[in-house]
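Once you've looked at the hints, dock chain H against the given chain X.
Single-letter residue listing:
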Amino acid sequence: MSVQSNVEVHTEWGIVSARQAGRNLAKELGFSSVDQARITTAISELARNIYLYAEKGEIIIESVERMQSTGRKKGIKITAKDEGPGIKNIRQVMEDGFTTSGGLGAGLPGVKRLMDEFDIDSIAGEGTEITTIKWNS
Amino acid sequence: MADSFSLMQEQYTKILKKYLEEKNETGLYHAQQFSKKVLENQISPEEVVSLHLDALEKYFPDLPQGVFDSFEFLLEVMMGYGMAYREHQSLRDKQKELETEINVAASMQQTFLPKEIPSVDALDVGVISVPASKMSGDYYHFIKDDNDCIGVAIADIIGKGVPAALCMSMIKYAMDSLPEQRLQPGALLDNLNRVVEQNVASNMFITMMYGSYDPRVHHFYYSGAGHEPGFYYHYDTDTFEELYAKGLVLGIKRDTTFREYHKKVEPGDFIVLLSDGVTECRTDDGFIEREELTRLIRKYKHLPAQEIVDNVFYQLEKLQGFQLRDDFSLIILRRKV
Chain X
1 MSVQSNVEVH
11 TEWGIVSARQ
21 AGRNLAKELG
31 FSSVDQARIT
41 TAISELARNI
51 YLYAEKGEII
61 IESVERMQST
71 GRKKGIKITA
81 KDEGPGIKNI
91 RQVMEDGFTT
101 SGGLGAGLPG
111 VKRLMDEFDI
121 DSIAGEGTEI
131 TTIKWNS
Chain H
1 MADSFSLMQE
11 QYTKILKKYL
21 EEKNETGLYH
31 AQQFSKKVLE
41 NQISPEEVVS
51 LHLDALEKYF
61 PDLPQGVFDS
71 FEFLLEVMMG
81 YGMAYREHQS
91 LRDKQKELET
101 EINVAASMQQ
111 TFLPKEIPSV
121 DALDVGVISV
131 PASKMSGDYY
141 HFIKDDNDCI
151 GVAIADIIGK
161 GVPAALCMSM
171 IKYAMDSLPE
181 QRLQPGALLD
191 NLNRVVEQNV
201 ASNMFITMMY
211 GSYDPRVHHF
221 YYSGAGHEPG
231 FYYHYDTDTF
241 EELYAKGLVL
251 GIKRDTTFRE
261 YHKKVEPGDF
271 IVLLSDGVTE
281 CRTDDGFIER
291 EELTRLIRKY
301 KHLPAQEIVD
311 NVFYQLEKLQ
321 GFQLRDDFSL
331 IILRRKV
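First to last, the protein sequences are chains X and H.
In terms of the UniProt record's numbering, the first sequence has 111 at position 111, counting the first letter as 1, and numbering is strictly consecutive.
In terms of the UniProt record's numbering, the second sequence has 103 at position 103, counting the first letter as 1, and numbering is strictly consecutive.
FYI, nobody ran anything at the bench for these hints, they're computed from the structure.
Possibly wrong hints are sitting among the right ones.
[Claimed, not checked] Taking lysine to any residue pairs in the SDA-like style, the calculated list, with each CA pair at most 25 Å apart, reads:
1. X:K74 <-> H:D54
2. X:K27 <-> H:D124
3. X:K73 <-> X:T11
4. X:K73 <-> H:P61
5. X:K27 <-> H:G66
6. X:K112 <-> H:V77
7. X:K27 <-> H:K17
8. H:K94 <-> X:I120
9. X:K112 <-> H:F60
10. X:K77 <-> H:E72
11. X:K112 <-> H:E97
12. H:K37 <-> H:G66
13. X:K112 <-> H:Q42
14. X:K27 <-> H:P61
15. X:K112 <-> H:K17
16. X:K112 <-> H:L98
17. X:K74 <-> H:F5
18. X:K73 <-> H:D124
19. H:K96 <-> X:M94
20. H:K144 <-> H:D124
[Claimed, not checked] Incomplete in silico selection of chain H near chain X, CB under 10 Å:
21. V67
22. M79
23. G80
24. Q89
25. D124
26. D214
27. Y221
Here the structure is a predicted model, which means the values were calculated and not measured.
Heads up, the beta-carbon is just placed ideally off N, CA and C, and yes, glycines get one too.
Excised from the complex, chain X in its bound form (with noise of 0.2 Å):
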């Protein structure tokens, strides 16, 4: 099974159809109702970072799997893309209370805590791309 969608986003419509695709894909991986909301929450905060700061890029969604002595796990995997202005200081934006949206614990170290990987590589000038996994215990 390797189903992946690309949603390009651009506008707050896009937000919404990546939510959709995490949505449909969690579903069907059979996670529950709240790692959905937690899902869903991480896509939406890494697509509307892409919206706010870097206009456009784009959210990919696939399941994953991982073998483990207790079977096979799946999982699925969030990657966003962009080719915006880059984060020059990385590790200042995964520090809590530093989120530029005034969110409260919303921003990066946010996402990181809804998931259960996360991985960001950053140059300024050049872009983002950020990866996210979250496993169906």
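Frame of chain X; chain H shown alone:
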């Protein structure tokens, strides 16, 4: 975590069902107790909504679909609270870490202060120094030379907390590296001023009073650098006099000279040195008057010097509702009768 969550789920279903059947205050009391447990188990708000939804699905499967959907909707609305809750937890952990660091720093700072007050037959000395928060911007220092002369310094770094404490550690090392002028207050402040001017950021200021007591002739020599005036108590007339020394705050101007003053100390007389945290003790009616302070000292003057300072501190602390707003240091040197 997963286990405790399913346990919570079970319990929630049970108390909800009981409440819906009996609808009494006991049921609501259980709900309130449950909310404590939820926090203990670090369950976030959206999970509580999900507990509720699960319980409804289990016990009332015949409710209109719209009811279930509305809780899915509520769950989404609670996500923001959930994220804020998690951030709060992470900030709380960070705060604990910082507190531990500050505790270590504060105990290090304690080692900068003299471990014991030098004893001289002629003098009765009392000292108290209490920081407003964990770290102090007040500093005091005692030194006894070969002639049994006692040097005493009291300094106040403008500001408090960690920056003031860092600055204070520098003052300590600066004083340790100026041994030969130790007993000449004016020269000591000249030197210290140069060190501070060169090494401390221009927005940090240090006030200091330094005095030297010669027990052979009972003279007290002192100089001040913009420091809060102390008091001099005359035993024979039972009066207080301001102990003022004119001088610029340390670190403002490189070539500053500090005038040296002197007093002949008679038996029973005493010298009071303090930081501005003592006189700027603030009550609901504003700052206390300096007269209030002399009144307190007079009240306890029959006691040994250490008991005087301890009692004065206790009374002033009480006056401020046991909340210090500034670092508090008070020193008394009394010539024994």
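The hints, checked one at a time:
Restraint check: the Cα-Cα separation between K74 of chain X and D54 of chain H comes to about 23 Å, which is no more than 25 Å; the hinted pair holds. For the hint pairing K27 of chain X with D124 of chain H, the CA-to-CA distance comes to about 81 Å; that exceeds 25 Å, so the pair is violated. Between K73 of chain X and T11 of chain X the CA atoms are separated by roughly 34 Å; this puts the pair beyond 25 Å, and the hint is violated. The suggested pairing of K73 of chain X with P61 of chain H is violated, with an alpha-carbon distance near 31 Å, which exceeds 25 Å.
Note on K27 of chain X and G66 of chain H: the hinted pairing holds, with a Cα-Cα distance of about 19 Å set against a maximum of 25 Å. Straight-line distance between C-alpha atoms of K112 of chain X and V77 of chain H comes to about 19 Å, which keeps the hinted pair within the 25 Å bound. Between K27 of chain X and K17 of chain H the CA atoms are separated by roughly 29 Å; this puts the pair beyond 25 Å, and the hint is violated. For the given pair, K94 of chain H sits about 22 Å from I120 of chain X by alpha-carbon distance, which is consistent with the 25 Å threshold.
Taking the CA atoms of K112 of chain X and F60 of chain H, the gap is near 36 Å; set against the 25 Å cutoff, the hint is violated. About 23 Å separates the Cα atoms of K77 of chain X and E72 of chain H, which keeps this hinted pair within 25 Å; it holds. Proposed proximity of K112 of chain X and E97 of chain H is supported: the alpha carbons are some 21 Å apart, at most 25 Å. At most 25 Å may separate the alpha-carbon atoms for a hinted pair to count; K37 of chain H and G66 of chain H exceed this at roughly 30 Å.
For the given pair, K112 of chain X sits about 17 Å from Q42 of chain H by alpha-carbon distance, which is consistent with the 25 Å threshold. The hinted pair formed by K27 of chain X and P61 of chain H meets the criterion: a straight-line CA distance of about 21 Å does not exceed 25 Å. Distance hint between K112 of chain X and K17 of chain H is unfulfilled; the C-alpha atoms sit about 36 Å from each other, more than 25 Å. Using a Cα cut-off of 25 Å, the hinted pair K112 of chain X and L98 of chain H holds, with the two alpha carbons roughly 22 Å apart.
Restraint check for K74 of chain X and F5 of chain H: the C-alpha separation of about 21 Å stays at or below 25 Å, so the hint holds. Of the pairs offered as hints, the one joining K73 of chain X and D124 of chain H is violated, with about 77 Å between alpha carbons and a cut-off of 25 Å exceeded. Among the hinted pairs, K96 of chain H with M94 of chain X is consistent with the structure: their alpha-carbon atoms are about 19 Å apart, no more than 25 Å. Proposed proximity of K144 of chain H and D124 of chain H is supported: the alpha carbons are some 14 Å apart, at most 25 Å.
Because the smallest distance between the Cβ of V67 of chain H and any Cβ of chain X comes to about 14 Å, over 10 Å, the interface hint for this residue is violated. For M79 of chain H, the interface hint holds, the least distance from its beta-carbon to any beta-carbon of chain X being 5 Å, beneath 10 Å. Satisfaction of the interface hint for G80 of chain H is found here, the shortest Cβ-Cβ separation to chain X being roughly 7 Å, below the 10 Å cut-off. About 9 Å separates the beta-carbon of Q89 of chain H from the nearest beta-carbon of chain X, less than 10 Å, and the hint is met.
A hinted interface residue such as D124 of chain H counts as satisfied when its beta carbon comes closer than 10 Å to some beta carbon of chain X; here the least separation is about 52 Å, so the hint is violated. Residue-level restraint check for D214 of chain H is violated (minimum Cβ-Cβ distance to chain X is 56 Å; threshold 10 Å). Contact between Y221 of chain H and chain X, as hinted, is not supported at the beta carbon level, the nearest pair being about 52 Å apart and thus beyond 10 Å.
The structure fails to meet hints 2, 3, 4, 7, 9, 12, 15, 18, 21, 25, 26 and 27 from the earlier list, while all remaining hints are met.
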